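Those sequence lines, one after another, are chains A and B. Residue numbers for the first sequence follow this note's numbering, so the first one is 286 and each next one is one higher. Residue numbers for the second sequence follow this note's numbering, so the first one is 63 and each next one is one higher.
Please keep in mind that the hints were generated in silico from the structure rather than gathered at the bench. From a predicted model like this one, the values you see are computed outputs, not experimental measurements. For each residue, glycine too, the CB sits at the ideal point set by N, CA and C. There is no bait here: all hints are sound.
Label pairs and their in silico Cβ distance ranges:
1. A/Gly424 / B/Gly76: 23 to 33 Å
2. B/Lys65 / A/Met428: 33 to 43 Å
3. A/Ile290 / B/Val75: 29 to 39 Å
4. A/Phe425 / B/Ile69: 23 to 33 Å
Computed list of lysine-lysine pairs in BS3-like fashion (alpha-carbon distance at most 27 Å, straight line):
5. B/Lys65 / A/Lys455
6. A/Lys455 / B/Lys117
7. A/Lys455 / A/Lys291
8. B/Lys65 / A/Lys376
9. A/Lys291 / B/Lys65
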Amino acid sequence: MSKTIKENYPVGDFAIWIIIYVELVTFGLLFLGYAFSRRSNIEMFNHSQLMLETTSGFINTLLLVTSSYFVVKAVTTIQNMTDNRREEFNKKASKWLLLAMLFGAGFLVNKIFEFSYIFGEGINLSTNKFFMFYLLLTGFHFMHVLLGSVILFNIFQKTRVYGYTLEDHKGIISGAAYWHMVDFLWIILFPLVYIIR
Amino acid sequence: MTKTLEIVWIILVGLTIFAYLLGHLHYINSFFVAILLVTTFMKVQLVLNYFMELKNVTGKYRWIPSIWLGIVISLIAVAYYLPVSNTH
Chain A
286 MSKTIKENYP VGDFAIWIII YVELVTFGLL FLGYAFSRRS NIEMFNHSQL
336 MLETTSGFIN TLLLVTSSYF VVKAVTTIQN MTDNRREEFN KKASKWLLLA
386 MLFGAGFLVN KIFEFSYIFG EGINLSTNKF FMFYLLLTGF HFMHVLLGSV
436 ILFNIFQKTR VYGYTLEDHK GIISGAAYWH MVDFLWIILF PLVYIIR
Chain B
63 MTKTLEIVWI ILVGLTIFAY LLGHLHYINS FFVAILLVTT FMKVQLVLNY
113 FMELKNVTGK YRWIPSIWLG IVISLIAVAY YLPVSNTH
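Start from the sequences, fold in the hints, and give me the full structure.
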């Protein structure tokens, strides 16, 4: 984080950035699909949106943003390590990652409650266009959080065995980049689906 | 540098609370939608620059996500503000 010299490539494995670019296109199309479909029946979209629990979306945004912050703290811990204190820095990073995973799990639990409420109301993909997009967007994002949690757990496991060194820590940076992507996609999704009307 | 991350996190949380209050109190109108879109752009840009460290990257790899973000937010604004024809 403390580098001032500009790099030619983003940090981490370049393959993760290719995945991120593909995800951006996919989610971008879904966001725009929602925004332009809304124009065909604004009243129905606004009415359906009132059934969503804004507080739940808000709590989930705070959970993901904070989890992302914990992940970046873990990454900077590893980046600032000194060779003779590898164990100490890995251990410190693992604590940040544990917090990040807990907040990620909080997101998933909260989302499950939200989905069970929505399904309990008899709403499904064919209820109307708003709920089709809501379930597609949030369900697809939910799967990304799930995958991101698995990635975080793997990184966490590696820090537990002091696996990252000053020379070799691309893995944690790549996993972190994926998690931050999951975070900023939700940052767009929250106002778009829950608030803007 | 450590403080920068904390400041970024505080801004992200602050803007999220602002967005929530607008939605929760039903203060949403055309003006606030514009504010929400601008603050959303700022939030994502902060994550890209400081959490994903893209501010340390030069050239196209820094700008690809920002251009994507600009296009998506702008088109959402177009979808919101463009008058709807009542012919159907």
